[in-house]
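**Student:** Next come the chains, spelled out residue by residue.
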Amino acid sequence: NAGVTQTPKFRILKIGQSMTLQCAQDMNHNYMYWYRQDPGMGLKLIYYSVGAGITDKGEVPNGYNVSRSTTEDFPLRLELAAPSQTSVYFCASRETATYEQYFGPGTRLTVT
Amino acid sequence: AQTVTQSQPEMSVQEAETVTLSCTYDTSESDYYLFWYKQPPSRQMILVIRQEAYKQQNATENRFSVNFQKAAKSFSLKISDSQLGDAAMYFCAYRRRDKIIFGKGTRLHILP
Chain A
143 NAGVTQTPKF RILKIGQSMT LQCAQDMNHN YMYWYRQDPG MGLKLIYYSV
193 GAGITDKGEV PNGYNVSRST TEDFPLRLEL AAPSQTSVYF CASRETATYE
243 QYFGPGTRLT VT
Chain B
74 AQTVTQSQPE MSVQEAETVT LSCTYDTSES DYYLFWYKQP PSRQMILVIR
124 QEAYKQQNAT ENRFSVNFQK AAKSFSLKIS DSQLGDAAMY FCAYRRRDKI
174 IFGKGTRLHI LP
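Respectively, the protein sequence lines represent chains A and B.
Take 143 as the starting number for the first sequence in this note's numbering and just add one per residue.
Take 74 as the starting number for the second sequence in this note's numbering and just add one per residue.
Any given hint might turn out to be false.
[As the list claims (entries may be wrong)] With a Cα cut of at most 30 Å, we get these calculated BS3-like pairs of lysine-lysine:
hint, chain 1, residue 1, chain 2, residue 2
1, A, K186, B, K172
2, A, K186, B, K143
3, A, K199, B, K151
4, B, K172, A, K151
5, B, K143, A, K199
6, B, K128, B, K143
7, A, K186, A, K156
8, B, K177, B, K143
9, B, K128, B, K151
10, B, K177, A, K186
Just so you know, these hints were derived from the structure itself, not from any lab.
Quick caveat, the model's predicted, so the values are computed rather than measured.
Can you make the complete structure from the sequences, with help from the hints?
**Tutor:** Set out below in structure tokens:
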């Protein structure tokens, strides 16, 4: 099992550009999450999904969009990138009946 | 709203000694879960220990144990026999149903 994979690992965007951060898991987990981690801070929940076709907002959803068309994939879309979106983005998944979240390796995004 | 507070931005401990990291949280719920995650320089998020709020017994995992005080809303992590590999950021986290809220973290240094 590859676990939770994220692509790309690093990306530099210009202000106003758009991009999609990819996240995939091969553990057949229903729950998937997107977090951002700003320097010196903890993780903040952007969006989450409890299953294919179902998504919901977290603490900091503004400027982002998500979709969940399959159990495996949970892409995060940034429209009109802003410097405030410079951060490390983590995707995570978990089974419905368990507690542990499995995290991907993160994507470091810089918007200049 | 639920919040998680880690009041110690940084701590240091001598190798082989014991250290305790503090965490307090705010909630009006009675059914929830608490976690400690470790984030080494590799950025990977690793679950260290978890505690179910309905359990009075404190969780332990090898050298890691917690002091869970539900009435005081306190959830501290004790690391015994500290090792160089314990050096990392440690995040306290609260989960209620589908969402997890993270604290800002404590950076732990291990002194040889």
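**Student:** Can the restraint linking K172/B and K151/A be considered satisfied, given a maximum Cα separation of 30 Å?
**Tutor:** holds, 25 Å
**Student:** Quick one, are K186/A and K143/B close enough, alpha carbons at most 30 Å?
**Tutor:** The given pair, whose Cα atoms are some 24 Å apart, holds under the 30 Å limit.
**Student:** Need the status of pair K128/B, K143/B: alpha-carbon distance at most 30 Å?
**Tutor:** holds, 10 Å
**Student:** Do the alpha carbons of K186/A and K172/B lie within 30 Å of each other, as the hint requires?
**Tutor:** Within the cut-off at roughly 10 Å; holds.
**Student:** Are the Cα positions of K128/B and K151/B separated by 30 Å at most?
**Tutor:** Judged against 30 Å, a Cα distance of about 18 Å means the pair holds.
**Student:** Under the criterion that the straight-line Cα-Cα distance not exceed 30 Å, is the pair K199/A, K151/B satisfied?
**Tutor:** violated, 34 Å
**Student:** Can the restraint linking K186/A and K156/A be considered satisfied, given a maximum Cα separation of 30 Å?
**Tutor:** With Cα atoms ~23 Å apart, K186/A and K156/A stay inside 30 Å; holds.
**Student:** Take a quick look at whether K143/B and K199/A sit within 30 Å of each other, Cα to Cα.
**Tutor:** holds, 28 Å
**Student:** Has the given pair, K177/B with K143/B, been kept, meaning a C-alpha gap of at most 30 Å?
**Tutor:** holds, 21 Å
**Student:** Within 30 Å, alpha carbon to alpha carbon, are K177/B and K186/A?
**Tutor:** holds, 10 Å
Of the numbered hints listed earlier, the single one contradicted by the structure is hint 3.
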